[in-house]
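**Q** Chains as they are written, first to last, in the numbering used here: chain S, 123 to 372; chain B, 15 to 199.
Read the hints as simulated data drawn from the structure, not as lab findings.
Think of the CB as a built atom: it goes at the ideal place given N, C-alpha and C, for glycine as much as any other residue.
A few of these clues could be false.
[Said to hold, decoys possible] Listed below are several chain S residues computed to face chain B (Cβ distance under 10 Å; list not exhaustive):
hint : residue
1    : Gly280
2    : Arg286
3    : Val289
4    : Gln290
5    : Leu293
6    : Gly299
7    : Ser311
8    : Glu312
9    : Gly318
10   : Gly324
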Amino acid sequence: MKSEEWSERDLENLFAGREPTEGDLACLAPLVEALRREAENSVTPEAGTIVPALAKAAKEAAVDVPGGTVRGSKPWKRRLVVTGGVAALATVGVGGAAVASDGAAPGDLLYSVDQAFEAVGIGNGGTQERLDEAARLTEKGQPDQALEHAANALRKEGDEDAARALVQAALAVQNQGAEQSVEVRAEVSEMLQWMGSTDAEGRDFGQGVSERARGVEEAASHGKSADAPGHNKDDEDDSPGNSGQGRNKD
Amino acid sequence: MTSFGEGFESALSAAKAGEEWAWTALYRHLSGPVQGYLRLRGAMDPEDLTSETFLQVAKGIRSFEGDEPAFRSWVFVIAHRRLIDERRKTSRRPAPAGTLEEAPDPDRFRGGDVEDEAMAQLSSMQVEAALAPLTKDQKEVVLLRIVAGLSVSEAAEVMKKSEGAVRVLQHRAVAALRRRRDEGA
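Based on the provided sequences and hints, a complete structural model is requested.
**A** Written as structure tokens, this is what we have:
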């Protein structure tokens, strides 16, 4: 049997479509080339048909138009459509205060103003706004608080299982001290964004949240184990002959 | 995969503002790899899933901060998640005939000089057959590294594994592919 002690460099050359210095790997070059062609030759929908929708979605997300992107049938989305109109009228009447406070996250000075406006029926309110606030907490480097905030919103909607999964993820982030992990923040951000845009309902929604919450937990624990000297749980099943155990970036 | 290059930063800013030229550039740069990855991972409707992935990217791009490799990695995290969603939905329905649930015959990928030449023109089906000996994780690493063009660290982020684990998986994947060639030689 031939040696399988290829160097890291040889594998990188192979994957990058360059000639491996180890002749033993050269026979796989055509397969790699075919895989690369798969990406280049994939017939994707014409840019002209999808790009306007992408630009519109990005623009609406940037402007944060109340109710502007709402579709689907989750209860908070239906409410958002109704309250969005109210908010639009209200923001004209009370000047910029409601608009300014609407972008506040818990802990910000304007957040209490935002809550006060909502209490009297001004501003979006509802779960969608809570999710937006949670997203802002994530951007501020507080993913654990973002998870708890989103959990409270889901609990009010009656999604108890999904809320529990989020609380568990928040605890994992806190316990691991992984608040500043880029990976954790990316996971939380993706989850919140999915929660706000998905059409999944009932069990599908709960499962989607739970899976993503597990992803957050894994990211948190991965962050910790990666920092722990001399331990890497994923390497425990290393095969003999494996030579690539470095953690250096490519 | 070629890099977007120096224009990435301005394209990202413009994409956040909803500029169509920026979305055209980002979409043209990444949609092929995304769709290729989804198709070879066995997505039922890779084209539709690619569109969904980019729509989610568009909705969430405002909160994205990072350089081009981080962006590419983020896009593939979303594609990966979309694939899981699709699988969850379809797991409750009977699989239609002709899907990748019917594993390709690995014997269609064998060694030999004649095959060496033939591999230069591997069809999509043959590529799928060639990857059949790999485990799910090994296959994912290979697709993320080659089709998606991700680095080890980026692939590790998508797979929620350590870089060391990804290196082990890619080494084993190459060994498995190499052994398959030897067996057929």
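**Q** List, from low to high, the hint numbers that the structure doesn't satisfy.
**A** 1, 2, 3, 4, 5, 6 and 10
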